[in-house]
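Q: These are the residues of each chain, in order.
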Amino acid sequence: MVTFIVRRLIATIFLLVVVSMVTYAVFFLIPRLAGQNSYQLATQYVGRNPTRAAVLDIEQKLGLNEPLWVQYGRFIRGLAFGEHYNSGTSSTYCPPPCFGYSFRSQQAVWPLMVSSLPVTISLAIGAAILWLVGGVAIGVVSALKRGTLFDRFSMGIALAGVSLPIFFTGLLSLALFSYKWPIFPNVTFVPFTQNPLLWARNLVLPWVTLAFLYAALYARLTRAGMLETMSEDYIRTARAKGLNERTVIIKHGLRAALTPIITIFGMDLGALLGGAVITEHTFSLNGLGQFTILAIDNQDLPEILGVTMLAAFFIIIANLAVDILYAVVDPRVRH
Amino acid sequence: MKRRGFMGLAAVGAVATLALAACGGGSSSSSGGGGGSGGSSGPSGFNAAVTGVVNPSNTKSTGTLTYGLSSTPDSTDPGNTYYAFMWNFTRLYTMPLMTYASSPGSAGLKVVPDLATAPGTVSDNGLTWTYHLKTNVKFEDGTPVTSEDVKYAVERTFDRSLFPLGPSYYPLLLGGNAAKYPGPFKDRSKNLMGLTAIATPDAHTVVFHLAKPFADFNYVAAIPQSAPVPPNKDTGANYQLHPMSTGPYKFQSYQLNKQLTLVPNTNWNPATDPQAKQLVSKITVTMNMNANDIDNRLLAGDLDVDMAGSGVQAAARAKILSSTSLKAQADNPISGFLWFAYLNTVVPPMNNVHCRMAIEYAANKTNLQTAYGGPFAGGQIASTVSPPNVVGHKSFDLYEATTKPGGDVAKAKEQLKLCGQPNGFTTGIAYRSDRPKEVAAATALQQALSLAGIKTTLHGYPAGTYYANFAGVPKYMHQHNIGIAFGGWAPDWPDGYGFFDFITAGNTISPAGNTNIEELNDPVVNDLLAKYGTTTDEATRNSYTAQIDMQVMKDAGILPEVYAKSLLYRNANLTNVYVQPYYGMYNYAVLGLK
Numbered sequence: 018m019v020t021f022i023v024r025r026l027i028a029t030i031f032l033l034v035v036v037s038m039v040t041y042a043v044f045f046l047i048p049r050l051a052g053q054n055s056y057q058l059a060t061q062y063v064g065r066n067p068t069r070a071a072v073l074d075i076e077q078k079l080g081l082n083e084p085l086w087v088q089y090g091r092f093i094r095g096l097a098f099g100e101h102y103n104s105g106t107s108s109t110y111c112p113p114p115c116f117g118y119s120f121r122s123q124q125a126v127w128p129l130m131v132s133s134l135p136v137t138i139s140l141a142i143g144a145a146i147l148w149l150v151g152g153v154a155i156g157v158v159s160a161l162k163r164g165t166l167f168d169r170f171s172m173g174i175a176l177a178g179v180s181l182p183i184f185f186t187g188l189l190s191l192a193l194f195s196y197k198w199p200i201f202p203n204v205t206f207v208p209f210t211q212n213p214l215l216w217a218r219n220l221v222l223p224w225v226t227l228a229f230l231y232a233a234l235y236a237r238l239t240r241a242g243m244l245e246t247m248s249e250d251y252i253r254t255a256r257a258k259g260l261n262e263r264t265v266i267i268k269h270g271l272r273a274a275l276t277p278i279i280t281i282f283g284m285d286l287g288a289l290l291g292g293a294v295i296t297e298h299t300f301s302l303n304g305l306g307q308f309t310i311l312a313i314d315n316q317d318l319p320e321i322l323g324v325t326m327l328a329a330f331f332i333i334i335a336n337l338a339v340d341i342l343y344a345v346v347d348p349r350v351r352h
Numbered sequence: 047m048k049r050r051g052f053m054g055l056a057a058v059g060a061v062a063t064l065a066l067a068a069c070g071g072g073s074s075s076s077s078g079g080g081g082g083s084g085g086s087s088g089p090s091g092f093n094a095a096v097t098g099v100v101n102p103s104n105t106k107s108t109g110t111l112t113y114g115l116s117s118t119p120d121s122t123d124p125g126n127t128y129y130a131f132m133w134n135f136t137r138l139y140t141m142p143l144m145t146y147a148s149s150p151g152s153a154g155l156k157v158v159p160d161l162a163t164a165p166g167t168v169s170d171n172g173l174t175w176t177y178h179l180k181t182n183v184k185f186e187d188g189t190p191v192t193s194e195d196v197k198y199a200v201e202r203t204f205d206r207s208l209f210p211l212g213p214s215y216y217p218l219l220l221g222g223n224a225a226k227y228p229g230p231f232k233d234r235s236k237n238l239m240g241l242t243a244i245a246t247p248d249a250h251t252v253v254f255h256l257a258k259p260f261a262d263f264n265y266v267a268a269i270p271q272s273a274p275v276p277p278n279k280d281t282g283a284n285y286q287l288h289p290m291s292t293g294p295y296k297f298q299s300y301q302l303n304k305q306l307t308l309v310p311n312t313n314w315n316p317a318t319d320p321q322a323k324q325l326v327s328k329i330t331v332t333m334n335m336n337a338n339d340i341d342n343r344l345l346a347g348d349l350d351v352d353m354a355g356s357g358v359q360a361a362a363r364a365k366i367l368s369s370t371s372l373k374a375q376a377d378n379p380i381s382g383f384l385w386f387a388y389l390n391t392v393v394p395p396m397n398n399v400h401c402r403m404a405i406e407y408a409a410n411k412t413n414l415q416t417a418y419g420g421p422f423a424g425g426q427i428a429s430t431v432s433p434p435n436v437v438g439h440k441s442f443d444l445y446e447a448t449t450k451p452g453g454d455v456a457k458a459k460e461q462l463k464l465c466g467q468p469n470g471f472t473t474g475i476a477y478r479s480d481r482p483k484e485v486a487a488a489t490a491l492q493q494a495l496s497l498a499g500i501k502t503t504l505h506g507y508p509a510g511t512y513y514a515n516f517a518g519v520p521k522y523m524h525q526h527n528i529g530i531a532f533g534g535w536a537p538d539w540p541d542g543y544g545f546f547d548f549i550t551a552g553n554t555i556s557p558a559g560n561t562n563i564e565e566l567n568d569p570v571v572n573d574l575l576a577k578y579g580t581t582t583d584e585a586t587r588n589s590y591t592a593q594i595d596m597q598v599m600k601d602a603g604i605l606p607e608v609y610a611k612s613l614l615y616r617n618a619n620l621t622n623v624y625v626q627p628y629y630g631m632y633n634y635a636v637l638g639l640k
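Protein chains in written order, with my numbering: chain A, 18 to 352; chain B, 47 to 640.
Read the hints as simulated data drawn from the structure, not as lab findings.
Do not take every clue at face value.
As the list claims (entries may be wrong) - 30 Å max Cα-Cα, derived DSSO-like pairs, lysine-lysine:
# : chain 1 : residue 1 : chain 2 : residue 2
1 : A       : Lys197    : B       : Lys328
2 : A       : Lys197    : B       : Lys640
3 : B       : Lys232    : A       : Lys78
4 : A       : Lys78     : B       : Lys521
Take these sequences, add in the hints, and give me the full structure.
A: Spelled out as structure tokens, the structure:
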């Protein structure tokens, strides 16, 4: 198992390097291939009607006039060893992993991303618990009560959940429960450490909205998995042995049906931790998703690069966790 | 058993949800609903805040004034910002030498002393401007403001690698070593207070030595860059996180690009700063919000001000305009912004003025107005380059923009004959493809021109790189035969020079980031702008505004489309609400709460 984890970690680093190279190329190499020079690139990062000296100053400061491999090398060095940045009156050390220095806000990227993380983590984890518990529970009950009114109703709702985009359900929930009937007014992120109740209250609508989409998907997946598993021979054998129904369903049925759910859960959670872009935008939550939108709007390459690599990191780590969990849930993997 | 478990879970969830809903408190204390009445006194109704003060009051409130912003500031550092809403907002925590009179109507276009005791006095040769500072202005820590703090504030803006976003007027205008001065950060022992063009003969006098006369210098002094910065408190690029306040409020906390909180500055003296007020106990700005969410919160009374000041989105606009009570709390001012198309004077055959005139006549101004959002959200059909809220503006209509807003194809064809292109010609139209209004305007113009035989190809570019890499690069425009480019313009100050210089002066044409995209280099315009710089007599200067405007229209270098307007919503809970005409948005320096 240890060898497996070490191997996966090495592959993770390799993947992150590839992601960084591709992102760098997309934002720096392609404009150059399209004929833009470093002066034109620098013009994006100064105010309107700049003097030529101002553009040249910023071109030099951002290192845009250097060969691409030098710029990229500096970025990788910062990631591994940190970097010193001159803020005018002092030199600020940006410790590793230093994702560079924002072209727009003149601040190190890593602390900016870190300040966005609590929002995204709160949103993703809360919604994940809701959709996992809700989705799996509904899926199991639907499978066991196949063909009943509950099954039909819940699967109908699930179909709606999968079909309706977040920007629709999000806006609808805001319109009803925030603007019209202010049960959850002023949806704004409040840190958990500052006021746990307000933190939770303000996240209820985003959690429910996000969870509605995923829970629907998980309910359908769980139902299908349970139906298939419960018709297996070993379930019949378990019942024939005289095991009570609860043990049969939870220990034998659900455990087997959960395997594909764990796979997709890891992927979904990993992707969400990289920024729930639409949910954050709909509810005006300043997490990594909003950070990403702003970075793209501002053509702020270090920020784009940073958030891309962080998102890739989350997905890769989530995959790793899934692989390890597999071994726990499915004994065949262990052997 | 299982049913009971499931229902139990649902019940627990429902109870928890209700409990959470009940126990959390909103951060805003302004609870005024969207449908409330105007104020205790002052005008009310639609456009009431355009010409008068709605809910005038000097009563202090213990409430929190909440702002929402769908974007982020370029910077909160007064030396590094160019956004109009930030110039408006910085008045809450800075005192530049000059500022705009806090007043609705045309009085608000007047530049008045702020940190200075009086407007700058200019020497006979026009090269020296002297300002005397008020003697009892203090920073938030109680330290008195001196002339050296003003000199240093200007000095630091010369380091463009640290402060690239603000205007460049000081390096362009000042004499002495200004052309080569690197700012006070590089080789600090030598360069701190090393800008020779600014003298500080005593603690309350600042003298600016210019390289050439510039009669608009008082306007330059009204840009936040002249707000004092104490050298020992300057943290360079990090100063944006906590600028030292001289205004009515100071920074309590700022999470960059997310949340800003201001609290009253106890060392602020209202007697020294009559253009601002300190009426609430806290101001919060939530940044990077969803624009529609901002509108909905405004209408619900959960938010007090949309900080961008550019008006509500389409959904809220429809709601406001269809409701008598909501409309009574809205204002529809001219923002000072012009939407227009540059008509390139170099790309053939548009280097012939008659071909450009053909475009002026053929354009369907009504369709362009609709494309920009109609008469409320788009603007008023424009017949001149300068909008009505530019000092010295005179109304005229050379190309029947207002008398034949649907376009005059017959006259366009006449001009095409004079141009030697009786069957029309082909050219390109550049526009920002991620701006739906501009896309619609480009399409509308293409259709209108086709009626006169002018064939156009559409070239859409991203807004972020539009000026840097495409429309603002003359070489690119020439190579791709693009003769028309969409744009918008608001002046750095509201007089003729401020409006016209960067978009019409021949000496502003630059290889990238160009804003004189029509590449106009008319000696008449250049001469008038040069004279503007040396003329101090107000009536003469105002006459230049109209003359330049007329000449640019005769040159047909610009196709004016609309004088931009925006639909602003006034929260009923606000006091001292009026549109500051220079900013085209509510004056943030004086707002209070009931």
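Q: Evaluate each hint against the coordinates.
A: Hint by hint, here is what the structure shows:
no. : hint                 : verdict
1   : A/Lys197 to B/Lys328 : 26 Å, holds
2   : A/Lys197 to B/Lys640 : 23 Å, holds
3   : B/Lys232 to A/Lys78  : 13 Å, holds
4   : A/Lys78 to B/Lys521  : 26 Å, holds
Consistency note: the structure conflicts with none of the earlier hints.
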